[in-house]
Amino acid sequence: MRLIRAIAVPITLLLLWEGLSRAGVFNPIILPAPSRVLVKWIDYTRSGEMPRDAVSSLYRVMMGFLIGTVLALPLGLAMGASQRAYALFNPVLQVLRPIPPIAYVPLAILWFGLGNPPAFFLISLGAFFPVLMNTIAGVRSVDAIYIRAARNLGANGRALFFRVVVPAAMPHIMTGIRVGFGVAFIVVIVAEMIAVNNGLGYRILEAREYFWSDKIIAGMITIGLLGLGIDALLARLSDYLLRWHRGLEPSK
Amino acid sequence: MIEIRGVTKAFGDIRALDGIDLDVANGEFVCLLGPSGCGKSTLLNAVAGFVTPTSGEIIAEGKRVTDPAPDRGMVFQEYALFPWMTVRANVAFGLQMRGESGIDAKVDALLEKLRLREFADRFPKDLSGGMRQRVAIARILALDSPILLMDEPFGALDALTRRNLQDELLRIWTELGKTILFVTHSIDESIYLADRIVVMTYRPGRIKAIVPVTFPRPRDSASPEFNELKRTLSAMVMEEQRRHEEDEIGAPASPPAGPDASRVR
Numbered sequence: 001m002r003l004i005r006a007i008a009v010p011i012t013l014l015l016l017w018e019g020l021s022r023a024g025v026f027n028p029i030i031l032p033a034p035s036r037v038l039v040k041w042i043d044y045t046r047s048g049e050m051p052r053d054a055v056s057s058l059y060r061v062m063m064g065f066l067i068g069t070v071l072a073l074p075l076g077l078a079m080g081a082s083q084r085a086y087a088l089f090n091p092v093l094q095v096l097r098p099i100p101p102i103a104y105v106p107l108a109i110l111w112f113g114l115g116n117p118p119a120f121f122l123i124s125l126g127a128f129f130p131v132l133m134n135t136i137a138g139v140r141s142v143d144a145i146y147i148r149a150a151r152n153l154g155a156n157g158r159a160l161f162f163r164v165v166v167p168a169a170m171p172h173i174m175t176g177i178r179v180g181f182g183v184a185f186i187v188v189i190v191a192e193m194i195a196v197n198n199g200l201g202y203r204i205l206e207a208r209e210y211f212w213s214d215k216i217i218a219g220m221i222t223i224g225l226l227g228l229g230i231d232a233l234l235a236r237l238s239d240y241l242l243r244w245h246r247g248l249e250p251s252k
Numbered sequence: 001m002i003e004i005r006g007v008t009k010a011f012g013d014i015r016a017l018d019g020i021d022l023d024v025a026n027g028e029f030v031c032l033l034g035p036s037g038c039g040k041s042t043l044l045n046a047v048a049g050f051v052t053p054t055s056g057e058i059i060a061e062g063k064r065v066t067d068p069a070p071d072r073g074m075v076f077q078e079y080a081l082f083p084w085m086t087v088r089a090n091v092a093f094g095l096q097m098r099g100e101s102g103i104d105a106k107v108d109a110l111l112e113k114l115r116l117r118e119f120a121d122r123f124p125k126d127l128s129g130g131m132r133q134r135v136a137i138a139r140i141l142a143l144d145s146p147i148l149l150m151d152e153p154f155g156a157l158d159a160l161t162r163r164n165l166q167d168e169l170l171r172i173w174t175e176l177g178k179t180i181l182f183v184t185h186s187i188d189e190s191i192y193l194a195d196r197i198v199v200m201t202y203r204p205g206r207i208k209a210i211v212p213v214t215f216p217r218p219r220d221s222a223s224p225e226f227n228e229l230k231r232t233l234s235a236m237v238m239e240e241q242r243r244h245e246e247d248e249i250g251a252p253a254s255p256p257a258g259p260d261a262s263r264v265r
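Protein sequence lines, in the order shown, are assigned to chains A and B. If you're matching positions, the first sequence starts at 1 in the working numbering and goes up one per residue. If you're matching positions, the second sequence starts at 1 in the working numbering and goes up one per residue.
Okay, chain A solo, but in the shape it has when bound:
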């Protein structure tokens, strides 16, 4: 019953779309029938082109995300824990934060040329701010009672920070990581539209040159499925790391 309810709307929409396309309501270049998209998707997959594109895109996401996170985590921890670090870095970050990574595209090409480096740069920028802001918020919202208890138990300095402050901030940090990954995934598609010649973003743009709408949609669906899969993995990782957390419902 639940399954039927979950798929009722998508199936209806697909059938409607298929029917309208077959009746000739849409020009297939504007909107190809779902059956054609499916055939194309299978082709695209079996030829090995799609898996290669997916791997290229994932590689870029991973690298960019890692660079962004490795920079954001220590800075966020420092800014959350120290008023001085916060006062020092916050103004410049507040100015940079609203600039969307896409606005950096021209500079990224000037600075890093073509290929993967500008993509890494743009993606890391996209992942950086969500991780940073959530880490700062996480450290700042650590309940003072834990600090007092830890000091009473003899914890100071590094032990206090790494064994109490960081784990207490972990729920926020994990949220930042999930949001950051989501942004990284958006940015990789954009980045691939400018500076590289493989990857899912590139393939969509290439298909447009030839008016292969079915391939565009097939590529989009791949992006959607990949994003869903990664988020599900991150949700499981987060559930595991935060299994101690009160009131955390397991992600579906």
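Nothing false has been slipped in among the hints.
From the derived model, a few chain A residues whose C-beta atoms are all more than 12 Å from chain B: (1) A8; (2) L93; (3) E209.
Distance windows between CB atoms, simulated: (4) B:I14 / A:S141: 24 to 32 Å; (5) B:K125 / A:L114: 50 to 58 Å; (6) B:F215 / A:L237: 55 to 63 Å; (7) B:D13 / A:Q94: 35 to 43 Å; (8) B:K125 / A:E206: 50 to 58 Å; (9) B:R163 / A:A159: 32 to 40 Å; (10) B:D13 / A:D231: 48 to 56 Å.
Rather than coming from a laboratory, the hints here were simulated on the basis of the structure. All C-beta atoms in this analysis are idealised placements derived from N, C-alpha and C, irrespective of residue type, glycine included.
Given chain A, put chain B in place with the hints provided.
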């Protein structure tokens, strides 16, 4: 031994503590009793080293208190267990901070003593309030501190669990000979537990009376001497409670937290 010498603590215009002098002997069980706002938690936090007195000094085990330290183990009303650590890890934490060896065996013995063995690998969120407070007590006992400071530790528990833990605490106290300073607003609890009850006044926080409880443990809360003492203490506490309420009604705009706020670092 805890020596409190002329301790005053002011938060802005409010004198939470005003010239407190009190000695707690080795192995003595002393309850601080009074309504909210009488400064009993502030005094406890000062002994713990979380609050620095405006004037006066506190000497614990011969050393002047300046910071929190494991020689004065604190049990908080909100448990303050680390939720990301299992029961075992919570109990081991203090020992690890001290860099001791043979931690596992010590932790096992404590878990056994507080009947927490089968909960060793659970997280605090999966425990009842009573169980959590057992863990908090085990965590402090692990430090082997001569002084235990307890801030309304059983305040959030139901009556039966509370009585159980009170008995357990008395058992531990008898066995280990700790010096205990215990904050409560429950008259019954103070009579049930203490050697001496220190009744405090509402703002400024002063010592109103020090009442020894002379009859032997286990104390029967239905006995005549228990009830006689309860009447005496009730009269004192209610007098302060009335001043507290009049103050609140008279100045409704004043911030409610003030000196008794539990979030002082």
